[in-house]
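Visitor: As a plain string of letters, each chain reads:
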Amino acid sequence: MKPPPFDYHAPRTVGEALEVLADAGPEGKVLAGGQSLIPLMNMRLAAPARLVDINRIGALDTVTADARGVRVGALARHATVERSAAVAERQPLLRQALRHVAHPVIRNRGTVVGSIVHADPAAELPAVLALLGGTVRLARHGAPEREVPAAEFFLGPLESALQPGELAVSAFFPALPPGSGTAFCEIARRHGDFALAGVAALVTLDDDLRITTAKVACIGVGPVPVVVDVSAECARRPAASAASPAVAAAVRDRVEPEDDIHATAEYRRHLTGVLAERALRLAAERASHG
Amino acid sequence: MGTETLYDISLTVNGVVREARVPARRLLSDCLRHDLGLTGTHVGCEHGVCGCCTVLLDGEPVRSCLTFAVSVDGHEITTIEGLAAPDGTLSAVQRAFAESHALQCGFCTPGFLCTVTALLNENPAPSDEEILEGISGNLCRCTGYQNIIKAVRRAAELSAEQERDGTGEAAPAATGAAGAPRASGATGGATGE
Amino acid sequence: MTTSLFGERVQRLEDPRLLTGNGRYLDDLGRDALAAAFVRSPHAHARIREINVDRALDVPGIVAIYTWEDLPERIGEPLPLLIPHPALTHGRTARPLAKDVVRHVGEPVVMVVARDRYAAEDACDRIEVEYEPLPAVVGIENAVRGEHLVHPDVPGNVGAHLVQEVPSADGRSAAEMIEAAPHRLEFRLDIERSASMPLEGRGVYARWDPDDGSLRVYSSTQTSTSVRMAIAAKLGLPLPKVEVIAPDVGGGFGVKIMHPWPEEVLIPWAARTLGREIKWTEDRREHFISSAHERGQVQYVRVGFDDDGRILGLDVTFLHDHGAYTPYGIIVPIITSTQLLGPYKPGAYRVEFSSVYTNTVIVTPYRGAGRPQGVFCMERTMDRIAAYLGKDRTEVRAANFIQPDEFPYDHRLTFQDGRPLIYDSGNYPEALRMLKELIGWDEFAKERERAAAEGRRIGIGIGCYVEGTGVGPYEGGHVQVTSDGRVHVSTGLTSQGQGHQTAFAQIAATELGVPIERVSVVTGDTRRFGYAVGTFASRAAVMSGNAIALACRKVREKALRIAADALEADPGDLTITDGIVHVKGNPSASIPLSTVAVLANPLRYAFDEEAKRATQFATAASDDKPPVAEGEEPGLEGRDYYSPVRSTFAYGMHAAIVETDPETAEIKVLRYAVVHDCGRLINPMIVDGQIHGGVAQGIGGALYERMVYDEHGQLLNASFMDFLMPYATEVPRVETAHLETPSPLNPLGIKGAGEAGVIPVSAVIASAIEDAEGIPIMKMPISPSELFHLRRTASARVG
Ligand SMILES: Cc1cc2nc3c(=O)[nH]c(=O)nc-3n(C[C@H](O)[C@H](O)[C@H](O)COP(=O)(O)OP(=O)(O)OC[C@H]3O[C@@H](n4cnc5c(N)ncnc54)[C@H](O)[C@@H]3O)c2cc1C
Ligand code: FES
Ligand code: FES
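Chains as they are written, first to last, in the working numbering: chain E, 1 to 290; chain Z, 1001 to 1193; chain C, 2001 to 2799.
Looking at chain E on its own, in the form it has when it is part of the complex (with noise of 0.2 Å):
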């Protein structure tokens, strides 16, 4: 198990990374926390003829927060983002599904904008940029940036709307708007296994704690995270009854889960409408406190 031969290319600017990519075209492929790329390498189902390191690109190593939200560089590891107490400020989910994502080590290396970009379908990270309507921010060598919303961002399981030729810059993560609450509840096989099922939620309150907008982002039950709109089912109930059966059939009816070894369809649609109630109400307990 040993990773194929590739040509090597380390730049120090996002200019130059571009430069790069541009000439390797469909050839090139980019290296950030190699967690996910060295796995498939060093088991030869992934063979990029040219790599470009983005490890020494120290202006793509960001974590920004404010009113509007969070933007993170594409070096920004999860654990820096999971650490920060300013993004845990502006947009508790990102710590809340980080804390699924893998084991602390791979955290330390892994990259977040990788993993959306990446696009693994029971990943917890686009789900989370798909539920909160986030962006990823494309750049080209030549081109101006193109700022890509999440809902045209996935495309299929490992399939994004990056282009060759093109790196992604940075993710965009709008802030919690007031009132609201998030929340995210998964079941893997093993703690820190990609999930069975997985569901992230989003409840916003008027105030007076009525349910306004309620919205979850299952993973691991289609080719891309199914974001599910149960504002609807929720209309102006009280936050305490955010999860009811009906909003559990609601996203159970969405969702088109597989077979594989690890779980059958039927069992990960159920799981999806157990971990949905399970993450509204954690979420609307959230709104109503916070």
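Rather than coming from a laboratory, the hints here were simulated on the basis of the structure.
Just to be clear, a hint being listed does not mean it is correct.
Facing chain E, from chain C, some residues (calculated, C-beta under 7 Å) [what the hints assert, rightly or not]:
| id | residue |
| --- | --- |
| 1 | Tyr2118 |
| 2 | Arg2285 |
| 3 | Val2708 |
| 4 | Asp2710 |
| 5 | Glu2711 |
| 6 | Leu2716 |
| 7 | Asn2717 |
| 8 | Leu2724 |
| 9 | Thr2729 |
| 10 | Ser2785 |
Think of the CB as a built atom: it goes at the ideal place given N, C-alpha and C, for glycine as much as any other residue.
Starting from the known structure of chain E, arrange chains Z and C with the ligands on it as the hints suggest.
Guide: Frame of chain E; chains Z and C with the ligands shown alone:
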């Protein structure tokens, strides 16, 4: 098939600057083990799951099997060979592992030692839950983890004792000479900076 | 014997090395060796049409490429069938490289030798093998259906078929007893495959010395002596010209007792052929598809019992999946069929098994070696009986126990070593009493009610087992005291983390009366000890421990004899304390063991101060006696062997409390308790460690691990991402208690402990889940997804 480009890299391993000539695809684990002869770092899966290959990169535990050596050119690495004090005195974590019988075949041990060293540097008095979370990414096929968990508790105790006795400098609690942790906790037993 | 370290929690002597990165595992050796890699079959069953290596030839760093055609006759032959058995009528083994048909994914087809492993894998990638796929036989039931054959000359895919029958005391068959019984039950049980999965894979490193015509081989093996003999035979080398060393081994758990692996023959052969050092380090993917698995069985049980739950007749028929070849024989199903009986004495017993071929990885012993399946069968049967009669599960077990006054107890069956299955000692009722107390069995009903009131589901389960340990034929020990007073112990069997260096040093230190720091132990190095069997079947402590004790006793006797001469005392009045021989009750009349060692070896040449004291002119040997007395040998050393008449039987009982989530069907083990009796404990710390590790593997086998093959024979989860070995977060705390019923069979009174922890776990967890859910659990392992579906089916049946 053409020959591969080789890169001259320099790593500070356990406080010593080491040079190596490696192709870009050389995994850090292989570079440490085969180019630098530091075979204490073990390789159990080469896909990031077992944790045997865990080393400290600038003080933080990472998988050396999921890191290219060229990528970390110029950085500091601490391996199991660097955990004891320069005079050979075992670190608190190493002693605790021996006292608690936290190893059998010893194959997973390097990864656990590095992981736990970093854990205690950041959090000198972890709760049981934090201990579990801290070691949750390392597999051991021999011990059933019972004594590893005990050893982490014991290491925290030993470090605290050392701290109290003011012997922290002589026998480092966790990290050895190198690997001043980037995210060092406030009171960690480590000498670090 | 004043310095008794036997039974103490001595810290391990191997740890300082292993804690500082100074262990030496296989891949740590041979830094300059060439690396080997293999092209392995991607098909479960296929004919090899053509192999084209052209594109690999220009890979930089390539040294050699071998296919079957390139192998000399003896190397290319099928590998040995290690343990023949009359019932194994259709044994088949693989060749080191496939000749024209491959029979499982992972079977080696081409060997590449290159500068390093990277280059070797590059070359493998570029070798083109054209296959003609053949129908794959996957799954036990497909195998016995026999529609397609794994080997064309093995009808019905049945490799072995064995029946053993023990009639009742009054001569009635199991079938008759079952027919006549007041109650009868009949059911089917399933167990899936798992694997040893040590964190260090296999590995072989060979050095050929052309000047000396000798070969040194390092292998990550559980038996270096037998690997040595196999290599010498295959390569046609004189045995003394081959040395095999097991360096530090990163876990074995059974898979490394299999030998010679194809690589153990090919790497030494290539090293000699090329005159270069060659190393092969198995990677994880290779380990999944080309080492060995175990456990898969389907069992059919018929049982007849009385109102107390006493088994009057038991009839078990099972199918055992042994994979594509049978190099290790049928040890696993034989153990299942005999050890199934556990601590019980059914009125009459009949067991029949068929061991079948499938196009999957071979099956050889994994810790427990067939016992977990047998115990699963028997313990599920006990629970079924209890449920049927509405009795407490422990009562039914107690009603069937062999009683303490019935030992030695003869089951009238033939065990895996070909010897009668006779239990030596034990106290099963006491163990059960202790276990019930430890887990709180009698109070559990209340606990369950309390939990139910909170909407939680919990259940308790139990499992008992007996384990034949310390099987023969023999092990040996060599003990040498050198003139510096150090004690060098060696034994031929190997270590994979069991702390042998410590346990054996404890035995030697105790027997010889020396401080343990002066004792060093070497295992698995044929340069030091050439006769051995290997480490498996929880035999190391029993076999080598006793052999070393016996060798130490010889050395001690000799030391006392020589010291008595020097001190002009009677040997019977002497003892050894702290490495000093002295007259009992008079410590001043003494002589250090180091000096005794000097006296034991009269010298001509004084190369140092110690030696000077031993020269012919210095020693006070009388003129009319030879310097080395008749019947004596020079040196203070001894060698002895331990060869038991039969196995010694350890046993234990486990109980667990589990919680199942009513909504998500997640299964969590809340408590796990173990009562264990392996006779006298050499080092309780090490024994506890063995149990912990075994239980964790058992939890893995019960709730997480399985080998998932698709219908084409592809292993779908050949990685640690998908083969789910438990992390710390999945293993409950293990509570242990010990009984120490000494074995009457060996001088130290010990029994083996290595496999104990794992054996009953699947049975225990199944029992507990069944208790929590009220749904029969007939198949293990079980995942939340499966529990979810069992619930659905059960409620559909009710509704
Ligand atoms: C044992 C283990 C368990 C894991 N468990 C989980 C889990 O439970 N949940 C989870 O979500 N993840 C899990 N992961 C994956 C982990 O989170 C990865 O870190 C993450 O998926 C990818 O981030 P990375 O920075 O490592 O990306 P890399 O591996 O470097 O790259 C991944 C892919 O994204 C591309 N890419 C990365 N960054 C950019 C960029 N800036 N621009 C363009 N392309 C880019 C790469 O070219 C590559 O195709 C696990 C990993 C391991 C090894
Ligand atoms: S070898 Fe790196 S995690 Fe297993
Ligand atoms: S001690 Fe052997 S794997 Fe942990």
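Visitor: Are any of the numbered hints broken by this structure? If so, which, sorted upward?
Guide: 4 and 5
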